[in-house]
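With these hints in hand, go ahead and build the complete structure from the sequences.
Below are the chains, spelled out letter by letter.
Number of protein chains: 2
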Amino acid sequence: MAAAAATVPSPATSFPSTTRKATVLSLRVSRRFKVAASAAASPGPDPSPAFKSVTAFAPATVANLGPGFDFLGCAVADASLSLGDTVTATLDPSLPPGTVAIAGITSPSRPHLADRLSRDPLRNCAGIAAAAALQALGVRSHAVSLRLAKGLPLGSGLGSSAASAAAAAKAVDALFGSLLYRDDLVLAGLESEKAVSGFHADNIAPAILGGFVLVRSYEPFHLMPLPCPPALRLHFVLVTPDFEAPTSKMRAALPKHVAIKHHVRNSSQAAALVAAVLQGDAGVIGSAMSSDGIVEPTRAPLIPGMVAVKAAALEAGALGCTISGAGPTAVAVIEGAEKGEEIARRMVDAFLSVGKLKATATIAQLDRAGARVISTSSLE
Amino acid sequence: MAAAAATVPSPATSFPSTTRKATVLSLRVSRRFKVAASAAASPGPDPSPAFKSVTAFAPATVANLGPGFDFLGCAVADASLSLGDTVTATLDPSLPPGTVAIAGITSPSRPHLADRLSRDPLRNCAGIAAAAALQALGVRSHAVSLRLAKGLPLGSGLGSSAASAAAAAKAVDALFGSLLYRDDLVLAGLESEKAVSGFHADNIAPAILGGFVLVRSYEPFHLMPLPCPPALRLHFVLVTPDFEAPTSKMRAALPKHVAIKHHVRNSSQAAALVAAVLQGDAGVIGSAMSSDGIVEPTRAPLIPGMVAVKAAALEAGALGCTISGAGPTAVAVIEGAEKGEEIARRMVDAFLSVGKLKATATIAQLDRAGARVISTSSLE
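Quick mapping for you: the protein sequence lines, in order, are chains Y and A.
Counting along the first sequence from 1, when you hit position 380 you're at 380 in full-length UniProt numbering, and nothing is skipped either side.
Counting along the second sequence from 1, when you hit position 322 you're at 322 in full-length UniProt numbering, and nothing is skipped either side.
Be a bit skeptical, because a hint or two may be false.
Copies of the same chain are indistinguishable here, so a pair counts whether it falls within one copy or spans any two.
Using 25 Å as the maximum straight-line C-alpha spacing, the simulated SDA-like pairs for lysine to any residue come out as follows [claimed, not checked]: (1) K194 with Q365; (2) K261 with S248; (3) K261 with P301; (4) K52 with R119; (5) K358 with S375; (6) K358 with L113; (7) K261 with F199; (8) K339 with A114; (9) K261 with L223; (10) K261 with E219.
Don't read these hints as lab results, they were simulated from the structure.
See the structure below:
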């Protein structure tokens with residue numbers, strides 16, 4: 001750990017700190033944490049570590065879900081947990097107390113991806129979320145180094161940054177005995193999202209909580225988990241083309257205003273989607289997801305083949321299909337996994353034949369657990 | 001009955017008919033009924049009466065509920081059933097088969113109101129809905145006369161026209177053995193709403209079904225009842241000022257376009273409202289109802305005192321407050337009836353002191369039953 005820590009002396013994420021940059025970050029973090037019931041606001045007890053090391057996994061997430069633009073999302077995972085990111089948080093006595101360092105980044109299935117991610121904890125999703133979690137916990141006497149294993153591609157619309165942030169916040173919290181409330185963890189992750197991909201919680205909230213989550217409001221901060229009946233066997237066909245669709249460009253494509261009748265139509269479909277999730281109606285979940293008349297029509301043309309991919313998915317029997325997050329991943333929803341492979345094949349074919357893009361498909365389930373600890377190392 | 005029927009020979013609502021006007025109405029009705037599983041589309045069996053006479057009640061309704069503008073509504077009723085309309089449908093052999101006549105209109109608590117309503121069944125909410133129900137049933141050999149008892153004021157934002165239509169459709173259906181599906185009844189009532197107050201189902205759907213109803217879409221026609229847990233003791237303080245707020249004027253006040261951020265905010269609050277109804281969270285129901293940032297801000301200033309009335313309701317402990325339908329009634333929501341009288345008094349005071357309007361208050365409960373038969377007379 002010493003070598004990694006040496007390359008990242010970064011008092012910038014420490015708490016307390018005397019550098020100007022750190023003060024600014026600290027103030028910003030404090031403002032966000034004013035609604036949290038944790039130790040962030042005032043210097044409470046300095047918590048003791050519960051483990052030497054904790055490894056946490058956080059799943060991929062599908063934000064927007066069509067008419068739920070900017071306020072709905074759900075977590076998805078495959079059986080092998082390859083669809084998500086893993087972070088190991090380890091106590092590191094070689095670092096200045098209260099700080100975070102990035103000790104290593106790996107990306108087993110995409111060798112070059114790890115090189116694209118910053119080792120500066122202030123510029124790394126996991127680092128920022130870990131620092132915010134440390135601050136929320138009120139940790140002043142210990143420091144943490146992180147090892148990040150990226151399972152998700154970047155900029156694919158599957159909540160890659162949120163998965164790193166969620167796993168980091170969860171691992172750090174567990175390292176100190178899991179003292180934070182659910183909302184504190186989401187707010188820690190939101191600090192990271194804000195810095196990296198924009199101030200919206202529709203990825204980070206389901207990445208932490210699992211299942212479907214409604215981000216009702218930010219002031220006050222109010223998340224509503226939307227539990228769906230256990231019998232609902234919701235699956236997602238996720239097809240990611242080899243195409244970069246930066247969130248900023250996709251955001252710029254959004255209409256500034258919408259006609260009142262489109263507002264009413266999209267709102268009623270979003271409300272129907274929420275009701276269908278709570279009532280376990282896969283058919284309505286699918287058709288509501290497919291119904292966005294505001295955002296999808298402006299973004300789909302920017303992703304070559306997307307319109308044809310959606311048509312192919314529906315024709316092959318998907319209950320619904322839309323763009324995952326800001327894209328370019330297309331997400332189709334099905335009940336049960338039976339039709340998954342055929343639908344995936346048709347969607348991949350459509351990306352290739354119409355969009356001239358290679359694409360890879362994964363069949364995932366709704367992930368009801370969200371960020372979770374997958375292993376721990378005891379204190380000596 | 002003969003006298004009333006003589007004044008309304010009206011083949012215009014008959015089925016089948018040879019007049020041009022009737023053909024137009026019939027075609028329009030048929031189009032609406034194409035999704036109904038009833039006898040409307042093809043001439044099925046001509047149903048036999050089950051009773052000589054049926055009396056049905058339908059409750060008042062609160063449409064919009066803040067951010068649910070044009071797609072959410074709920075039914076409300078007080079213990080004495082004064083907050084709704086009652087229709088008696090009677091077989092009338094003196095009328096041409098397949099027709100409807102208005103035999104009488106009373107308004108016990110508002111003597112002059114009955115005079116303002118048309119006796120022409122084509123221009124009367126109850127008449128139009130009854131004719132549409134007869135057609136949906138496929139009744140060709142019998143005719144029906146209606147007696148309407150108005151419990152609701154007109155143009156108050158409490159779904160007065162929908163209550164008449166719902167009670168009429170329900171009474172006619174029951175007269176012939178309750179053959180129609182729930183959606184057929186709503187579509188019959190929607191014919192009436194379309195003619196009288198606009199093509200929207202957010203009053204007629206809850207007036208028929210009871211409880212909270214989400215009007216998801218019209219093509220295809222899809223209603224989603226939103227059952228709330230039995231333990232939820234939702235009450236409504238309804239305060240109606242002595243002020244005319246015609247739906248057309250209130251509609252004209254609507255913005256044509258909304259900013260995307262307002263769209264997102266309102267949609268997320270509407271979705272939260274739906275989730276809270278299904279989960280039985282009165283606090284979130286109230287605060288979500290109070291949160292409309294699109295329609296209420298444009299309409300409230302047109303109702304003298306409304307802004308102060310809302311503030312008074314919230315200050316007195318209401319969980320939320322908004323305009324009921326297109327107004328001018330203000331609706332506050334509370335859990336349990338305990339605070340109802342105090343909140344009602346404060347709201348009435350605010351209408352008087354700020355709006356210079358006299359107002360009357362009613363404390364109602366969520367009406368979970370919707371339109372129902374309250375008495376029948378057997379066939380001889």
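Legend entry - Those earlier numbered hints the structure runs against, lowest number first: Of the numbered hints, 1, 5 and 8 do not hold.
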